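Protein chains in written order, with my numbering: chain A, 1 to 1139; chain B, 10001 to 10222.
The set of hints was computed from the structure by calculation and includes no laboratory data. These figures come from a predicted structure and were not determined experimentally. Glycine included, each C-beta is placed from N, C-alpha and C at the ideal position. Among the clues, some could well be false.
Pulled a few chain B residues facing chain A out of the computed Cβ check, cut under 8 Å [as the list claims (entries may be wrong)]: (1) 10062; (2) 10120; (3) 10140.
Incomplete in silico selection of chain B near chain A, CB under 10 Å [as the list claims (entries may be wrong)]: (4) 10139; (5) 10154; (6) 10168; (7) 10194.
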Amino acid sequence: MPSNPVDRIYRETYRRLRAATRKKYLYIFLQHCLTALVYTLAALFAFVVIEMVFDLPSSIRWGFWGGWLFSFVLFAIRRLIPALKTGLFPGGAVLLQTAREIGRQKPGVQDALVDFLQIYQGQATQTDPVIQWASLHQLYRRFKGIVFTEAVRFRAFRRYLRRMAILGTLVLVIFFLFPGSIQTAFLRVIFPGESFEPALPFRLVNLSGDRQVLKNDPVVLEGRVEGTLPDRIWLVTERSKPEGESAVQERMELSFAGGTAFRYEIPHVMEEFRYWFEAALETAPYKDRVARSSVGVVQVRERPFIRNLQIKLIPPDYTGLSPVLLDANNGDIVALLGTRVELEIETNKALMEAYLLFQDSSRVVLKRMANRARGAFTVRRNDQYQVVVVDTDSIANYQPVQHSIFALPDDPPSVEFVQQARDMELGETLGVPLHLKLQDDYGVQKLWLKGRVIRAGSTGDTSTFALNLPFRQIDDRQAVSRVEWDLTDFYLVPEDYVEYFAEVWDNNTLSGPGIGRTPVYIIRLPSLIDVLEDSETALAERLQETQDVVQEQKELKKELEEIAREIKRQKELTWEQRKALEAKLNQHRRLQEKLEQIQKEVEKTVRQLDEQQLLSPETLEKFFELQKMFQELATPELQKAMERLQRALEKMDPQKIKKALEQFRFSLEEFERRVERTYELFKQVQLERMMDELVNLAEKLREKQKDINQRLAEKALSGDERQQLANQEGSLRKELDFLEQKLGKTREEFREEMVSVSRDLEKAQAYLEERQIQSRMDTMQQAIRSGRQQKARQAGQSIQSQLETLQSLMQQTRERMTSLQKEQLMQAMRKVTEEMLQTSFRQERLMQQSRQIDMASPRITDIARRQSQIRETVHHITQQLIQIGNKTFFLSPQMNSILQSMLLNIGKSLKSLENRNPRSAAHAQKQVMAYLHQAILSMRSAMHQLSQAGSASGFEEYLKQLQQMAGQQGQLNRQSMSLFQQMQSGRLQLSEEALARLAAQQEMIRQSLEQLMRTRGQARGDILGRLDGLAKEMEAVVDELKRRRLDRQVIERQKRILSRLLDAQKSIREKEYSKKRKAEWEAKPIVKSPPELRRDRIFREDALRKELLQSLEEGYSWEYRQLIRQYYETLVRQNRRPD
Amino acid sequence: MMMRRSAVKCFLLIVFLGLPSIRAQVPVTVVRIQYGGGGDWYGNRTTFVNLFKFMRQQTNVVTAEREKALKITDENFFKYPIAYIAGHGNIRFTDAEVRRLRQYLISGGFLWADDDYGMDAYFRREMKKVFPESEWVELPFSHPIYHVYFPFPNGLPKIHKHAGGPPRGYGLFYQGRMVAFYSFNTDISDGCEDPDIHGDPPEIRLQALKMGTNIILYALLY
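From just these sequences and the hints, can you work out the full model?
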């Protein structure tokens, strides 16, 4: 450590100066280095350019590098090394120079530093140390605070930078102009020793670089060619594999999209891969050389997806159905409208958002919990939805599955009429029994009977109605309703009609009740003319059909006889004959069916006529008898004969067939006779019906006219009332026209049968024409319309009186017809009876003679001759009886079998006489006599019945008695009720006398009833059977009253008695119809769509069946195929059994 | 999706029916199956003459004058896209016919069976041989066959009474496609015949012709 201060400051100054010198030379060294670099680069660039242009040989390239090395070494020796050396070891002169530069740089220093150094170095000279110190110190103070190194600056650095920039720009320009070539040239220069092929004249640029895509998303990889367009270009992808396995490369050739660009889209990227483009030219010298672009990497990110989907369906409350859990991951919903759908999902990633997206873009947001979400919605319509999930990176699931929602509608309920469902005409009861069946998936709520009343026959207006009907639930889905619909309140008049239908509401509380309706039916109150015309046509058709049956039956019989003749000639029956017999049997069955059909139709028509009270009791009764005859046409013998023949034909036994055929033919003869008789009687009843209709129509016209007259007389009518009344008079006029027309027609019908009746009818027709009632009716109608009520009333009175006359004429004609018929019949019956009696006497004598003679008697021949005469007489009687039978019902059908048996025994008698066996003949003759007596008795009975039936009192009287009894019972009931009510209110104390009087009256009615039952019992057993029970009821009431008891029970019992008396009257009219009416109605089918098609039904693939089909196609033998088929069918049956 | 399909169908219908210039020029016809077993395959002789005429007037579809009658085994059978079978009685298909009819139907053919009253049991029996794996399914009233051209909101129209009760339309499906349609208890074919043959009222006849048109169009379009 120097102790001399001069030395100390000198050393310090020296050290600082040396540092500045070193810095200065470091900068100089650096400057030289940069110079070397700039020149090297410039030379290199220039050489690369030359190389690029001239493609220099290797020696020149080596020469370049040799030259460069020489220059560099020279430069280093000359510049770099001296600078480095001086910088590291600066000499005194160098320091002095630095000191001068510092002095120049720092104005405060100037020469101070140089002076300091020189003074110090001159210390050895004769300078006074103090002066020296003082001068040095003074100098020192001038640069003491100066940092010498700051004075050294690298000023040339910017210049070099500029040069570098110019050089760089030049390089870049050349590079961009010739990117491929310049690179290749550069490489050739860098590696002068290597032999380079010519550079490709293009370069591939990877424009897409590194990419990130979502799994399953598409990625587009693009590139560009710089330079000449290559002939072929490829995209190479490389997928890395797990360790140990080599990467998989795929090479796809591309084409240019246009210009120099090319691209390739990978539609679904599933995993990460590297890629690059390669290109090649097909021409020399570039052939087999490939240019490659830079490598890019496509990274893949996973999307969220639904791992598990679970749906629960909760049906609407009103259905009462339990919730249903769908199979996992089944998102398709088939559910009833209003069903709540609860949905839960689980995903592979944590979620940021989850929602259901419906077809109309509406959304239901699901509540999230990490990688789960849940939500709910209600099924409102057929729809589709997707479950969209978005993960925390805002990535949504890829193409969410489209699930369908199939909304099952709550099927509307159905309602059908079990009976009475058809267009119909209203009967006199004005009631329609309704029986409805209701059905719905989930129960019904309300039932209505709706419709409208169209008053075409009266006011012409229309009104609607809706009646709430009660119903009874059978189970959850079915209900029934049975109601007696009373149409009285509608006040219908003929030609008015009611359109009605039933409407049912189900209990759907979500979308309002589903509604089901029946078709619309019509109930019509028919006009008189309608009923008459319909019945006229219907009965005429039935008559014609009956005649056809008669004709066909005759032909059938003829054909059977022919077959029978053929069969007799042969031993064996041919197949054709057998078939022919079977055909005839079937033909006969068809005829029987036809007759049954006719009978039903007649029954229906007669019922309609009876409802309108257009038949007299006598005619009605004849119709009943006709019905009975129709029903008894096929006798049990005939049925048995048919069965026997059928059995014989099946067994093919010729003998049995012949025998059965004989019996069948015999029974058929009887059938034919019966059918003929039925037809003849039908014809006659038709005539009587026509006459009845005329009488009743005339009566109805008179009554209607009377009603109109009464209304005219009651008060001054309003405009509407006048209009209505005028319409009624107009209808009356139409009915009178109809009567006139019918009169003419009936007259024509009678002209052939009863001339006198026809004449009477002609008179009635003449009366009608003469009095011009129709024109009077027109006048009256006009008068009513124009408000001339007085004039109308006068005209009405006159019309009424003429209608009364007309009715009376009709009545007389009918009576004449009846008496004429009766007279003719009685005459014929008497004659036949007499003949039978005479025959009986003759037969008796013959029998006695037969008993008295022996086998050898010559009188046998005479007896046989006389027996033969009796047979002829019996034949004659039979013919007469057939004719009588064709005109009356009273001749029992048994008469035919009596006559048949009679003839059979006469035949036996004749045969016995032929065999000379008088004893046996006598026995047969006795039988003939017995049958003759039976026939006479039967005939007498018929005559008696005929005479009874002819009396006017017959049927009507019976009805009158019943009516009278009902009236008496009604009066008695009122008295009983009045007494009972007074007793109840405490106003009256029951007296024995009053009760005895009531009892006596009830007893009187009971006795009347018993009297009626005694007198009419035989004929009307069916109806009076019901009255028999009634008499017991009456007896019970009498007993109670005698015991001084008048309570609620007695009152009820009396009510019941009255009700049954009224019923009895009604039942006489309806007679046998009641049971059959029910069977006639047929429920009309309700139009309801079958259920919608289900996928499982139309895509049904039964594994067993598939197996079967396969096995059948495998070429097994026929026997094997049958076995397989049977096996399969057994399996199918077993499978179905649980259902 | 459903709407899109409906739209496509509507478009096809418009194209098929409304644009004569681009519709197929090959006349549409039907092959009548000439079957064995004794039933009257040859009945309803005027049905297709009238039906095709009606279709030409109402729809502009080019139709042949009448149908063609062939056995199923005939080599030309497959040339006709629609087959027709009807009758009153027994029907019997041979094994070869069963195989060929099945092939015809699963290859795109369509069969219209019309019960003339009396063939039901026999027809069902024979079709069971053809498609043992399938059952006849009664079609709902919403099925396109009832709406393809003329609307039948209540299903098949009732033409003849036959056994009484409502008419029924059944479909036989193979892999979801209806390969056969069976009109039962109504007799569409009779309804299409000349008016004086069955004496049907004009409105009933019109219903039959309309339904017949629907069946043919359905077979062609679906």
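Hint numbers the structure violates, sorted upward?
Going through the list in order, the structure violates hints 1, 2, 7 and respects the others.
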